[in-house]
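Chains as they are written, first to last, in the UniProt record's numbering: chain R, 1 to 735; chain Z, 1 to 735.
There may be inaccurate statements among the hints.
As the list makes no split between identical chains, a pair holds if one copy fits it or if it spans any two.
[What the hints assert, rightly or not] Only pairs whose alpha carbons sit at most 30 Å apart, straight line, appear in this in silico BS3-like list of lysine-lysine:
(1) Lys594 / Lys92
(2) Lys693 / Lys648
(3) Lys698 / Lys638
(4) Lys648 / Lys698
(5) Lys594 / Lys160
(6) Lys693 / Lys621
(7) Lys583 / Lys715
(8) Lys121 / Lys391
Derived from the structure by calculation, the hints contain no laboratory data.
There are 2 protein chains.
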Amino acid sequence: MASSSSLTLSQAILSRSTAPRHASSHPPLSIPSFSALKSASSSAAVSVSRRRTRLPVRASAAVETLEKTTDTELVEKSINTIRFLSIDAVEKANSGHPGLPMGCAPMGHILYDEVMKYNPKNPYWFNRDRFVLSAGHGCMLQYALLHLAGYDAVKEEDLKSFRQWGSRTPGHPENFETPGVEVTTGPLGQGIANAVGLALAEKHLAARYNKPDNEIVDHYTYVILGDGCQMEGISNEACSLAGHWGLGKLIAFYDDNHISIDGDTEIAFTESVDTRFEALGWHVIWVKNGNTGYDEIRTAIKEAKAVKDKPTLIKVTTTIGFGSPNKANSYSVHGSALGAKEVEATRKNLGWPFEPFHVPEDVKNHWSRHASEGAAYEAEWNARFAEYEKKYPEEAAELKSIFTGELPAGWEKALPTYTPESPGDATRNLSQQNLNALAKVLPGLLGGSADLASSNMTLLKMFGDFQKNTPEERNVRFGVREHGMGAICNGIALHSPGFIPYCATFFVFTDYMRAAMRISALSEAGVIYVMTHDSIGLGEDGPTHQPIEHLASFRAMPNILMLRPADGNETAGSYKVAVLNRKRPSVLALSRQKLPQLPGTSIEGVEKGGYTISDNSSGNKPDVILIGTGSELEIAAKAADELRKEGKAVRVVSFVSWELFDEQSDEYKESVLPAAVTARVSIEAGSTFGWEKIVGAKGKAIGIDRFGASAPAGKIYKEFGITAEAVIAAAKELC
Amino acid sequence: MASSSSLTLSQAILSRSTAPRHASSHPPLSIPSFSALKSASSSAAVSVSRRRTRLPVRASAAVETLEKTTDTELVEKSINTIRFLSIDAVEKANSGHPGLPMGCAPMGHILYDEVMKYNPKNPYWFNRDRFVLSAGHGCMLQYALLHLAGYDAVKEEDLKSFRQWGSRTPGHPENFETPGVEVTTGPLGQGIANAVGLALAEKHLAARYNKPDNEIVDHYTYVILGDGCQMEGISNEACSLAGHWGLGKLIAFYDDNHISIDGDTEIAFTESVDTRFEALGWHVIWVKNGNTGYDEIRTAIKEAKAVKDKPTLIKVTTTIGFGSPNKANSYSVHGSALGAKEVEATRKNLGWPFEPFHVPEDVKNHWSRHASEGAAYEAEWNARFAEYEKKYPEEAAELKSIFTGELPAGWEKALPTYTPESPGDATRNLSQQNLNALAKVLPGLLGGSADLASSNMTLLKMFGDFQKNTPEERNVRFGVREHGMGAICNGIALHSPGFIPYCATFFVFTDYMRAAMRISALSEAGVIYVMTHDSIGLGEDGPTHQPIEHLASFRAMPNILMLRPADGNETAGSYKVAVLNRKRPSVLALSRQKLPQLPGTSIEGVEKGGYTISDNSSGNKPDVILIGTGSELEIAAKAADELRKEGKAVRVVSFVSWELFDEQSDEYKESVLPAAVTARVSIEAGSTFGWEKIVGAKGKAIGIDRFGASAPAGKIYKEFGITAEAVIAAAKELC
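So that you can see chain R by itself, here it is in the shape it has in the complex (with noise of 0.2 Å):
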């Protein structure tokens, strides 16, 4: 093993610890020193010249431009270009992680330079192929990819400020940052269930409007994912439903480079990925020597291609670190700078004699036919959609629509409304009709349910199910893989601007998925999560089933908006709320049990996030102000008759979204909380953490701060002190 002169104490542990490793399956490390390259020849620009001429490419065509490689000496060129963009970025900033794109330069060379189609001057291209780095703290692999391909956002000047404050290329790929990075990655495993995500978006679309003589969607979904990305629960989940969903324009490669942060992956890590992906009904490719072998992974790629009914894994074995020549296969190269001495070392076995952040010119000339090529690529996309909206207007202009993300005009027309006298229901059953009546008009709205469609209402009732055999259909079946599912919307939600996916599980198992709904805030995908059973109303589930501290955490968290409407107006203008974020995800937590149409509720109400729905005070100056949110605002509502029978001037208020409140005015907040009523009653199902905020220290937040417990719902509430009498005397209390 190179990396035995470096052991540290933990490994040192283990090596008296764990059995000998496997010598078959990973052969004892060589590290091949090459001889100085040779500078820029000719026939690369001529191989470039020759390229341009078979424009206007087809998605064929991109199989075939892998029988005619560049010379191998460019390329290799090229990927040590990669390798050391990569080192000296790290180098510079003293931070971050060379060792994966040392390792991936070989496969990240391919791709970008021989395989996808993108367009450098319009990272938004529709029809782009979509990459995502799932292993995600190798992004230098990503940006050194993307400065080469002439994407405006990597420039050298952003290479060299890498994981610096207000630099395009931050610590780990972030779409809202770096334009050309796809989806946000670094969390492990993410990643490929965006790209999941991806690949289900372009299968439906594919399914949905390509028509005999004219395919206009059409692109692959690729993936580098590691062994971190593999141990993650999220992506087995994810895979299990690319499999299933029988996703064959989804190629992932997977860096099998056998260390993890803390060592050699034996140490935790002894499974058959191959084997369990084949389970899962992925094609299986092994890529032996992902170092030197580049015509092994163009192969590679071309049979993933040749198999269309299902998704392919290359595990591509890769050496971490490849070319350092003391640190190379060992976790000390995975996420620390090479340190001075071994670049030194690494630049001298690499034979690179250039200074930090060169790119030779032959390289440099060889890589700028992205800009015309892809100028290309777009322009004939372009004329082929024009011919596609004059042949098929209709079609066009829904596909139009989703590509643009301009919503239909009038589409807010389809939100259904209610009087106080419409029937009561649950939320989750208005939910429901708000969904069904939005798919109408929606053409990028479509969803569904992690094994809970039909206790979470989330059926589009005129679509069938989005499957292998039927992707044109916009109901999704997640299965029980909440996390996935999250993550998977993730990725539709940032193919087109357009598509608007929902999911849906009960509100307490966002606790699964939590690390995906936290990516789509910080990733501006605005995914709709249609969170029902959202209280102890759910009853005897009980309190594993229970929300209480769930709309306290997502009122904390950046970006997010958390809605709990209270009947169906609110229930509405909570969707016309969520369709109209796209940048922002929204959680929208609903009831399991029945509740009124109030008196007073609205959509424009719902959109101001806080707002009197009663009032009989005048002035300004109620007695009392009663605050409710969802099942709750019922409670308020009844609480404050009682009182005003008594004489009292009470204002009732729903609270549907705090985070939409704190946006008004502060003309508007005082309207509804006047700074001089202090007497303030919340009432809230759920955790009171937080509640001071509204109420304040002279006011009292009626509210749960213990776990739940199995019993009919009404039951639980009476016990629980979640009544109309509770609002009401605490009223009395302060008033």
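Please arrange chain Z on chain R, whose structure you already have, making use of the hints.
Structure of chain Z alone, referenced to chain R:
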């Protein structure tokens, strides 16, 4: 398909959108119609007394019993008793899940009646076999079994109050409500991961304490899990580890009934579970007839026990709702009462003439032996432990501490102490000093990290790795599997009260394991969560890695301690609290960055949650109170120094744990935060959500209510205004 008559809309949609299902793997259902069973046969009584004479029993005996089974008629009658107790309880509650108990009654019967060793009169007997119903919604199966086996917690009246307020038979199995239930399940996948923890605990203790002449630790862990559990990522994580660790005494029954809530599993779950488990290193057996193939089940268990170096998955193909003529094999029997008519039809179909909740005399008689048998098991083991104690007093004392939960006297003296002159350090490093000091005096302390041991600083330096062939060691390598890690630790904690499992990752990745952490809190599992890199202070990794809302999100969760120590003494205090709280998990938020040892901090202070570390005021009337936690306490202290120079009377309060402070007397609280002093400034590098409670409406909370950024830590602190200057400015505005 028997269910075709009850197709819902969702299934109707499905039927046109999915391919025909594979008849081969699931042949058409046929439900045998049993003739009415005869009453008690005398052979049962004979078999009971036969078995009694074979005591004392050892592990091997449990296998032997498989060869001498009770006559099949009585077995079937017992199985139908289990089915009808479940049906009747769900019917009476008009709520619950009859389908699983009806399908799994045969394996349940064989486990509890023929295979498992337990003492119903002492559910906590240390060396018992553990059983986990991972598919927790089927809890009536377990309640029926506990009832028949003679556990005091589940009398007939308990079955009759299923899912009612205050009952011992809640809607999902809860260890804290029902002695005999090992762990709390319901949220899918948790149970199988808990079981991996239970089996790890057994393997560890056996390796550590067993002697050639006295195998004092020796039990199996059995699980029943369903399709839902199998889809969850957490189960793949935990099962990958179980295979890696070679947990040969873990035997999992996979209830392969092909139905989940949304219908046939074909709609979302077509992977090959068998192959996946083989890939994970498990031994896999398929029982094709789980409904009536009792001998098949028995033989499978025998085979599983014979495989000692791998866990075993027994895939048992069953019919959900077996016996119900119109609802079996459909989702409709999963989660609702059958209804009076179908109950009647099922009684007729299975030949069950009895009243609801009736246990036939011969069945009762047959099961009655478990009380005396169990008492004998325990007595025999107690005798063996007495021998062990005599011969190996040192080991016996340790093991006793683990199985009684009595911490060794004076353990807390091992906690390191610090003075302001001690070198500054990151609290993650101070945490490692504590862990290493405590591991020497706490025999039950063991744990590890999700592939971040060298970042979380969690290695116990005097121990090696817990691995397949070195299970006596105490460093657990979880790989990048946070969710599985948390649930495995729950299993360890609930195996024996003296186990103190800890586990670690970056604080932000609690999002990956939150569902398991909530179950720690709910099920009173005193796991210690060592969460490092607890703020923007981690710097360059950027917003995907920087927690913001996490402190608030745990402060809102019931029964969990959120601790954020500021230096060495506070880290030691946090460990003291965490170790003492065996029925409440603790989350320690620890810094990546170096911090000074502050004057005034103390272990005793931490135990109070909030306390004054410095004060130049008198009469409990400071001009301003500055409140900090963790890495920001230093900033508060610096700001105080400056303000004092300007003549202000300033108190600095460390607010290390809100929960502990809440538990103090009003007098104490007033002595730290006098109501009269409204000039309060808090500083914490996280969400300000909730801080209004502490600083009041007139105070100011300095924090971060947006996502973080990728840059060196100092730069981010400055840009985000988390500085002494900001504290000083705020203080000056207030006083």
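For each hint, the structure was consulted:
no.: 1; hint: Lys594 / Lys92; verdict: between (61 Å within a copy, 22 Å between copies)
no.: 2; hint: Lys693 / Lys648; verdict: both (24 Å within a copy, 28 Å between copies)
no.: 3; hint: Lys698 / Lys638; verdict: within (22 Å within a copy, 32 Å between copies)
no.: 4; hint: Lys648 / Lys698; verdict: both (18 Å within a copy, 28 Å between copies)
no.: 5; hint: Lys594 / Lys160; verdict: between (59 Å within a copy, 27 Å between copies)
no.: 6; hint: Lys693 / Lys621; verdict: both (20 Å within a copy, 25 Å between copies)
no.: 7; hint: Lys583 / Lys715; verdict: between (41 Å within a copy, 27 Å between copies)
no.: 8; hint: Lys121 / Lys391; verdict: within (29 Å within a copy, 78 Å between copies)
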